[in-house]
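Asker: Sequence:
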Amino acid sequence: MTKLAQLFDRHGHSPWLDDLRRDWLLDGTLAHWLERGVRGVTSNPSIFQKAMAAGSAYDEQFAVLARDGCSAVRAYWAMAMSDVVDALELLSPLYRESGGTDGFVSLELAPDLAHDTEGSVEAARRFHTDIARPNLLVKIPATDEGVPAVRRLVAQGSSVNVTLIFGRERYAEVMDAYLAGLEELETSDAGAASLARVHSVASFFISRVDVEVDRRLEAIGSPEALELRGRAALSQAKLAYRDFRRTFSGPRWEALAAKGAKVQRPLWASTSTKNPDYPDTLYVDTLIGPDTVNTMPVATLEAFDDHGTVADTAAAGVEEAEALFERLASLGVDLDDVSRVLEDEGVAAFAKSFDQGIDALADKAAVLAQH
Numbered sequence: 067m068t069k070l071a072q073l074f075d076r077h078g079h080s081p082w083l084d085d086l087r088r089d090w091l092l093d094g095t096l097a098h099w100l101e102r103g104v105r106g107v108t109s110n111p112s113i114f115q116k117a118m119a120a121g122s123a124y125d126e127q128f129a130v131l132a133r134d135g136c137s138a139v140r141a142y143w144a145m146a147m148s149d150v151v152d153a154l155e156l157l158s159p160l161y162r163e164s165g166g167t168d169g170f171v172s173l174e175l176a177p178d179l180a181h182d183t184e185g186s187v188e189a190a191r192r193f194h195t196d197i198a199r200p201n202l203l204v205k206i207p208a209t210d211e212g213v214p215a216v217r218r219l220v221a222q223g224s225s226v227n228v229t230l231i232f233g234r235e236r237y238a239e240v241m242d243a244y245l246a247g248l249e250e251l252e253t254s255d256a257g258a259a260s261l262a263r264v265h266s267v268a269s270f271f272i273s274r275v276d277v278e279v280d281r282r283l284e285a286i287g288s289p290e291a292l293e294l295r296g297r298a299a300l301s302q303a304k305l306a307y308r309d310f311r312r313t314f315s316g317p318r319w320e321a322l323a324a325k326g327a328k329v330q331r332p333l334w335a336s337t338s339t340k341n342p343d344y345p346d347t348l349y350v351d352t353l354i355g356p357d358t359v360n361t362m363p364v365a366t367l368e369a370f371d372d373h374g375t376v377a378d379t380a381a382a383g384v385e386e387a388e389a390l391f392e393r394l395a396s397l398g399v400d401l402d403d404v405s406r407v408l409e410d411e412g413v414a415a416f417a418k419s420f421d422q423g424i425d426a427l428a429d430k431a432a433v434l435a436q437h
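In terms of our numbering, the sequence shown opens at residue 67 and continues consecutively.
Bear in mind the hints are in silico, worked out from the structure with no lab data behind them. Computed from a predicted structure; not experimentally measured. Hints are not guaranteed to be accurate.
PhoX-like cross-link-like pairs, simulated, lysine-lysine; straight-line CA separation at most 25 angstroms [what the hints assert, rightly or not]: (1) 340 - 116; (2) 418 - 116; (3) 418 - 340; (4) 116 - 430; (5) 418 - 430; (6) 340 - 69.
The calculated label-pair distances, taken between Cβ atoms and stated as ranges, are [claimed, not checked]: (7) 197 - 417: 20 to 26 angstroms; (8) 133 - 417: 24 to 30 angstroms; (9) 418 - 281: 16 to 22 angstroms; (10) 292 - 436: 54 to 60 angstroms; (11) 372 - 144: 33 to 39 angstroms; (12) 400 - 293: 15 to 21 angstroms; (13) 140 - 312: 41 to 47 angstroms.
Just so it is clear, CB atoms sit at the ideal spot from N, CA and C, and this is done for glycine as well.
Let's have the full structure, built from the sequences with the hints guiding it.
Answerer: The following block contains the structure:
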């Protein structure tokens, strides 16, 4: 058994692949990762932009779409959704065998909807209607406008991946939106029986927190500040995991669980190490625990399967994490501001990748039109 398979078998922790490419669907690469223990797939505009720009796997479909007069934007979504549908089919046996625990594929909304509640709800509905697969998760950014969209979608029985979470305050809002949505769904015409069909993960970003906090600590420059580098992201994640366990226990949750509702699992995202001085499995080894997910790029999956440590670690070190946050605050590092900055940067980064992808497709369409 691979170490990736051991994560779920021994600790209820699901490794997912943070990448999706057509050539991997065609040549068996994705199927091979599933055999090694991967239990889900996530995608985003950056992933699709890179996939469509590389190689020739999309050329045939794009040529047909371009000849039919599809705009670059429409062609992008047609190709992205085609990949997602194929991946959903590949993962559907795992979805069924796991009783809906895993086997999911995530598709993110267009970045320009990140601050549009109504637009996000409508676009997510269309995705779920057009694709109509129970193992599809539509990704909604956890912005001020995204959180109420999550509540409305869950209340309508839709499954969601709430992404771009960088701080515990926002994470608390996301969990509450999920629970409130389930409560509304229970009292709707769909009834309590529909609760079991709703799935969700909350994507809590890790390594980018260290990048931003380390930058601020280095600007302070004192020995104490420099000594705290590389510790904020994991400390925050451990406290978030404690928040998760507290939220999904007690009377409010138990009333929903008794009617079939499923927990909204924390999904650790951005878990490749950005700083080469840090161990390449740092953000995997230390966040393993029941009811958690870690979505990783190929390099991190390979590294963990080679030399990662399989152990129950997510709940450990909470007191130390609290102490670290007190020390960061005493140094003037504002974690709320860090999360705001990273949220803005995350939305902007996905928008930039999406625009670059559309521009590249438009250029390719212009070339095809000349022949």
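Asker: Please go over all the hints and tell whether each is borne out by the structure.
Answerer: To see whether the hints hold, each was checked on the structure:
For the hint linking residue 340 to residue 116, the alpha-carbon distance of about 19 angstroms falls within 25 angstroms, and the restraint holds. A threshold of 25 angstroms between alpha carbons decides the hint, and for residue 418 with residue 116 the separation of about 12 angstroms falls inside it, so the pair holds. Between residue 418 and residue 340 the alpha-carbon distance is near 20 angstroms, which keeps this suggested pair within the 25 angstroms criterion. Between residue 116 and residue 430, the direct Cα distance comes to roughly 15 angstroms. Compliance with the 25 angstroms bound is thereby established for this hinted pair.
For the hint pairing residue 418 with residue 430, the CA-to-CA distance comes to about 18 angstroms; that is within 25 angstroms, so the pair holds. Straight-line distance between C-alpha atoms of residue 340 and residue 69 comes to about 23 angstroms, which keeps the hinted pair within the 25 angstroms bound. Our hint of 20 to 26 angstroms for residue 197 and residue 417 holds, since their Cβ atoms are close to 23 angstroms apart. Between residue 133 and residue 417 the C-beta distance comes to about 29 angstroms, which sits within the given range of 24 to 30 angstroms.
Between residue 418 and residue 281, the C-beta spacing of about 20 angstroms keeps the proposed range 16 to 22 angstroms intact. The hint said 54 to 60 angstroms for the Cβ distance between residue 292 and residue 436, and at roughly 57 angstroms that hint holds. A hinted range of 33 to 39 angstroms holds for the C-beta pair residue 372 and residue 144, which are about 37 angstroms apart. The beta-carbon spacing between residue 400 and residue 293, approximately 19 angstroms, falls within the hinted interval of 15 to 21 angstroms.
A C-beta distance of roughly 45 angstroms is found between residue 140 and residue 312, which places it inside the suggested range of 41 to 47 angstroms.
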